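Protein sequences appear in the order of chains A and B. When the letters of the first sequence are read in order and numbered with the numbering used here, they come out as residues 1 to 347. When the letters of the second sequence are read in order and numbered with the numbering used here, they come out as residues 1 to 347.
Just to be clear, a hint being listed does not mean it is correct.
If several chains are the same, the list does not tell them apart, and a pair holds so long as it fits within one copy or across any two.
[Stated by the list, open to error] List time: in silico EDC-like cross-link candidates among lysine to aspartate or glutamate, alpha-carbon distance up to 20 Å:
{"hint": "1", "residue 1": "K169", "residue 2": "D208"}
{"hint": "2", "residue 1": "K169", "residue 2": "D93"}
{"hint": "3", "residue 1": "K169", "residue 2": "E97"}
{"hint": "4", "residue 1": "K190", "residue 2": "E337"}
{"hint": "5", "residue 1": "K133", "residue 2": "D330"}
{"hint": "6", "residue 1": "K133", "residue 2": "E195"}
{"hint": "7", "residue 1": "K190", "residue 2": "D89"}
{"hint": "8", "residue 1": "K346", "residue 2": "D141"}
{"hint": "9", "residue 1": "K333", "residue 2": "E195"}
{"hint": "10", "residue 1": "K333", "residue 2": "E67"}
{"hint": "11", "residue 1": "K346", "residue 2": "D330"}
{"hint": "12", "residue 1": "K346", "residue 2": "D307"}
{"hint": "13", "residue 1": "K333", "residue 2": "D141"}
{"hint": "14", "residue 1": "K133", "residue 2": "E66"}
{"hint": "15", "residue 1": "K346", "residue 2": "D326"}
Think of the hints as simulated: they come from the structure by calculation, not from any bench. Since the model is a prediction, treat every value here as computed from it, not as a measurement.
Below, each chain spelled out in residue letters.
There are 2 protein chains.
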Amino acid sequence: MRATTIHAPYDMRVEEVPDPVVQQPTDAVVRVLRACICGSDLWAYRGVAARQPGQRIGHEFLGIVEEAGSGVAGFAAGDLVVAPFVWSDGSCDFCAEGLTTSCPQGGFWGSVGSDGGQGDAVRVPFADGTLVKLPADAASDDHLLTALLALSDVMGTGHHAALGAGVVKGSTVAVVGDGAVGLCGVLAAKRLGAERIIAMGRHQDRTDIAKLFGATDVVAARGDEAIAAVRELTRGQGAHSVIEAVGTEQSMRTALAIARDGGAVGYVGVPHGSGTGLDLSDMFDRNVALRGGVAPVRTYIPELLPDVLDGTIDPSPVFDLAVGLDGVPDGYKAMDERTALKVIVKL
Amino acid sequence: MRATTIHAPYDMRVEEVPDPVVQQPTDAVVRVLRACICGSDLWAYRGVAARQPGQRIGHEFLGIVEEAGSGVAGFAAGDLVVAPFVWSDGSCDFCAEGLTTSCPQGGFWGSVGSDGGQGDAVRVPFADGTLVKLPADAASDDHLLTALLALSDVMGTGHHAALGAGVVKGSTVAVVGDGAVGLCGVLAAKRLGAERIIAMGRHQDRTDIAKLFGATDVVAARGDEAIAAVRELTRGQGAHSVIEAVGTEQSMRTALAIARDGGAVGYVGVPHGSGTGLDLSDMFDRNVALRGGVAPVRTYIPELLPDVLDGTIDPSPVFDLAVGLDGVPDGYKAMDERTALKVIVKL
Numbered sequence: 001m002r003a004t005t006i007h008a009p010y011d012m013r014v015e016e017v018p019d020p021v022v023q024q025p026t027d028a029v030v031r032v033l034r035a036c037i038c039g040s041d042l043w044a045y046r047g048v049a050a051r052q053p054g055q056r057i058g059h060e061f062l063g064i065v066e067e068a069g070s071g072v073a074g075f076a077a078g079d080l081v082v083a084p085f086v087w088s089d090g091s092c093d094f095c096a097e098g099l100t101t102s103c104p105q106g107g108f109w110g111s112v113g114s115d116g117g118q119g120d121a122v123r124v125p126f127a128d129g130t131l132v133k134l135p136a137d138a139a140s141d142d143h144l145l146t147a148l149l150a151l152s153d154v155m156g157t158g159h160h161a162a163l164g165a166g167v168v169k170g171s172t173v174a175v176v177g178d179g180a181v182g183l184c185g186v187l188a189a190k191r192l193g194a195e196r197i198i199a200m201g202r203h204q205d206r207t208d209i210a211k212l213f214g215a216t217d218v219v220a221a222r223g224d225e226a227i228a229a230v231r232e233l234t235r236g237q238g239a240h241s242v243i244e245a246v247g248t249e250q251s252m253r254t255a256l257a258i259a260r261d262g263g264a265v266g267y268v269g270v271p272h273g274s275g276t277g278l279d280l281s282d283m284f285d286r287n288v289a290l291r292g293g294v295a296p297v298r299t300y301i302p303e304l305l306p307d308v309l310d311g312t313i314d315p316s317p318v319f320d321l322a323v324g325l326d327g328v329p330d331g332y333k334a335m336d337e338r339t340a341l342k343v344i345v346k347l
Numbered sequence: 001m002r003a004t005t006i007h008a009p010y011d012m013r014v015e016e017v018p019d020p021v022v023q024q025p026t027d028a029v030v031r032v033l034r035a036c037i038c039g040s041d042l043w044a045y046r047g048v049a050a051r052q053p054g055q056r057i058g059h060e061f062l063g064i065v066e067e068a069g070s071g072v073a074g075f076a077a078g079d080l081v082v083a084p085f086v087w088s089d090g091s092c093d094f095c096a097e098g099l100t101t102s103c104p105q106g107g108f109w110g111s112v113g114s115d116g117g118q119g120d121a122v123r124v125p126f127a128d129g130t131l132v133k134l135p136a137d138a139a140s141d142d143h144l145l146t147a148l149l150a151l152s153d154v155m156g157t158g159h160h161a162a163l164g165a166g167v168v169k170g171s172t173v174a175v176v177g178d179g180a181v182g183l184c185g186v187l188a189a190k191r192l193g194a195e196r197i198i199a200m201g202r203h204q205d206r207t208d209i210a211k212l213f214g215a216t217d218v219v220a221a222r223g224d225e226a227i228a229a230v231r232e233l234t235r236g237q238g239a240h241s242v243i244e245a246v247g248t249e250q251s252m253r254t255a256l257a258i259a260r261d262g263g264a265v266g267y268v269g270v271p272h273g274s275g276t277g278l279d280l281s282d283m284f285d286r287n288v289a290l291r292g293g294v295a296p297v298r299t300y301i302p303e304l305l306p307d308v309l310d311g312t313i314d315p316s317p318v319f320d321l322a323v324g325l326d327g328v329p330d331g332y333k334a335m336d337e338r339t340a341l342k343v344i345v346k347l
C-alpha cells in the first residue's frame, strides 16, 4: 500500500509501505476512505516538532474495516468507522472516565512504529476501545463523509475547548484562532447554547465560516487593538468563556486578556514556545481559570455523531481543498501558505 | 485610637492614628473585637511585597458597628459583624455574581489610604455590600468568636481552593501547604464530602490539626519524595483535586505533579516569584486544570456561617497564639519564625 511519510521539514512523500496486518487480537485494519491534514501536522512539516526520517503522519481518518482480530467484539469487516486521533484501550480507569487521551495503553497515529492516517490503510490497536461505528449508508454520501471526518479531531477538539471554557446556555464566548479547530470551537459553542460568539480573525474566508457556524461578532484587529475591541463588545468586561485554539505564547496572552474576571480559558492549541504566555498574578487577581488540553475526542464522538448525522451541526465547511493521496504534499504546502484552511484527502 | 503600622521590613509598630469616621453615607465604623495576622501579611513583613512607611496592615477582623452612615440600610450601631478581607459595593455585576473580589469599587484593607484590621477600629466602605451580621450573643463566646474570625479569610479561602480543585462527594484531595489556609482547605474539602484527604507537611503540630480537620493521610516528605508518596497513595495516578495554598513556584510544581490526569489544581496561594511553576505542555497532555485566585470570601460567609455557628466546622484550631494589640509585632515575629501557626489579636 501507499502512505504519506515525512523525511525532513517540507519533505513530504507518498510512497510504498508494508501492508498493515492484524498483529494483536485486539487490532483491526481499516482501509481509509477519507483522511485530512491537521494544523498540528504543520508543526512537523515546518520542523518545529521533530520527526524521524520516513515517519508516518496523519491522525484523522475514517474508513472501512478490512479485517478485525479475534479479540475484537464490536467490529467486523465491512463496517464504516471513524477513528479519534489517539487510540485507547477502552477498559482502563481513564477510558472509563472518558479521558481516553490518558489511557496508559493509548498512542498517537503516526508516532514511531505506528501507522498514520494519511495512507491507504491503518492498523488500529484496541479497535473496540478506539473506533466508532458509522451508519453504512454514509459511505456513499460524500458531503456527510466530509462532515463525519471532522469528528476524528477538529469537531471534538472544538467541543473540548468549549467545555473547558465553561460554555453553557447564554454564554458570551470569544474564540482566539481562525483555523479549523477555532471554527469548530465556534460551532461547538453555538451547539452548547452560547448567546454571543466573538470570532477573532483577519481572513474573511475564515470569518465567513465562523459566521456560518454561529459567530455573532467578528474582530479582525490584532494585538492590543483586538483586546480592546473584544472588551468594547463586552461592556469592558471581557468574555466569560474564551477558546484558545492556537498554542502560542501570544495567543494565550490574548486569550487571558479578553477573559472576563471569573471566567475561563479553554485551551486546545498544542503549546509551543519556551514560555507559557500565562501571567499567574493576573489570573489570580481576576480568578480566570485555565482548563483544557489534548481532547479526548473518542468520548465526544457518540455525543456529537447524532447531531452531525441529522445535520444539526455541519463542520464540513472547514475542509476547503480536496486532494487524492498523491496530492498530500501539495496539501501541506497549501495549508502552510494558508491558501487552504484544511485539506481533505479522498482515497 | 491605636493601630498597627509597617515602617520597613521587620519594623511593625503599634501607634496612635486618627480615629476613623464615616466619610461616605455608605460607610460604617467598626470597633474591632478580634483581628489576626495572615500568612500573606508576612510577604510585607519580610519586604517581599512593598509597603509605604507607616502604612496600615491587617485584613481580617470582626467587631461591633460603632456608627453607620445614613446610606447604610443593613447595619446599626451595636451589631456584631465580620468583614471579609476585601470590601465590595454589593451592587455591581461582579458582586451580583458572587465575585466580590472583582468589584470595581472594592479594595483591600491596609491599602494606602484605608484602615487595616490590626487596630482598634476600621472605617468600612460600602458597609451593606461588605459586612455580614453575626448573632449578638456570639460576642460573649470567646471560642466561637475565634472560629468566626476565620470566616474573614482563611476558611473562605480554603473553601475557594476546594471549589477550584473541584472537590465533590467522594473526591481524593491532596493539600500543598500546611499553613492556616491549607488546613482550612482540608476542613473545606471534608465539608464538601471528600473521601480521602492527603495533607502534606513536615510539622506535626500542623498535620495534627490537619487530621483533626479530616485529613486521612499525611505526607511528611519533601520534593520528589513527597510526589512519589502521594502517587503511591493514589495507585500511581495522583489526586483528582489538589489544593495549592502556598504561592511559590515550587509549591505549584508539586501541586501539578501530584494532580491526577483530568484533575484540577485549586490555587489560593498568592503567586510570588518570577516564574509560575507551570509546565503548560504537561498540563495540556494530562488535561490538568488550574482554577482559583483571590477568594471572594464575602460570598462564602453566608454559606459557611451556619456550619460554624452549629459546630459542623470549627476552624478555630488554626489560631495557636493570642496577643493583645501591643503584642502584634511579637505575633509577626512568631509567625515569621514559624513558632506560631496563626496569631489572633484580642482587643
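Handout entry: 20 Å Cα threshold - placement of E195 relative to K333
Key = neither (37 Å within a copy, 54 Å between copies)
Handout entry: Intra/inter-copy verdict for K333 and D141 if alpha-carbon distance must be at most 20 Å
Key = neither (28 Å within a copy, 76 Å between copies)
Practice task
Evaluate K346 and D330 at a C-alpha cut-off of 20 Å and name the case that applies: within, between, both or neither.
Solution key: within (14 Å within a copy, 76 Å between copies)
Exercise for the section: Could you place K346 and D307 in one of the four classes (within, between, both, neither) given a Cα distance threshold of 20 Å? Expected result: Classified as neither: same-chain Cα gap 23 Å, cross-chain 63 Å, threshold 20 Å.
Problem - Status of E67 relative to K333 across identical chains (alpha carbons, at most 20 Å) - result: neither (34 Å within a copy, 74 Å between copies)
Exercise for the section: If the cutoff is 20 Å on CA atoms, where do K169 and D208 land: within, between, both or neither? Let me know, please. Expected result: The answer is neither: 23 Å in one copy and 45 Å across copies each exceed 20 Å.
Handout entry: Up to 20 Å CA-CA - D93 versus K169, copy category
Key = between (31 Å within a copy, 19 Å between copies)
Problem - Identical-chain pair category, K169 with E97, by Cα at 20 Å - result: So K169 and E97 pass the 20 Å test across copies only (16 Å; inside, 24 Å).
Problem - Homo-oligomer pair classification [E66, K133; C-alpha up to 20 Å] - result: Classified as within: same-chain Cα gap 14 Å, cross-chain 72 Å, threshold 20 Å.
Problem - Identical-chain pair category, K190 with D89, by Cα at 20 Å - result: Answer is neither; intra-copy 32 Å and inter-copy 34 Å both fail.
Exercise for the section: If the cutoff is 20 Å on CA atoms, where do K346 and D141 land: within, between, both or neither? Let me know, please. Expected result: Intra 13 Å, inter 78 Å, cutoff 20 Å: intra-copy only.
Problem - Up to 20 Å CA-CA - D326 versus K346, copy category - result: within (10 Å within a copy, 81 Å between copies)
Hints 1, 4, 5, 6, 7, 9, 10, 12, 13 from the list above are not met by this structure, while the remaining hints are.
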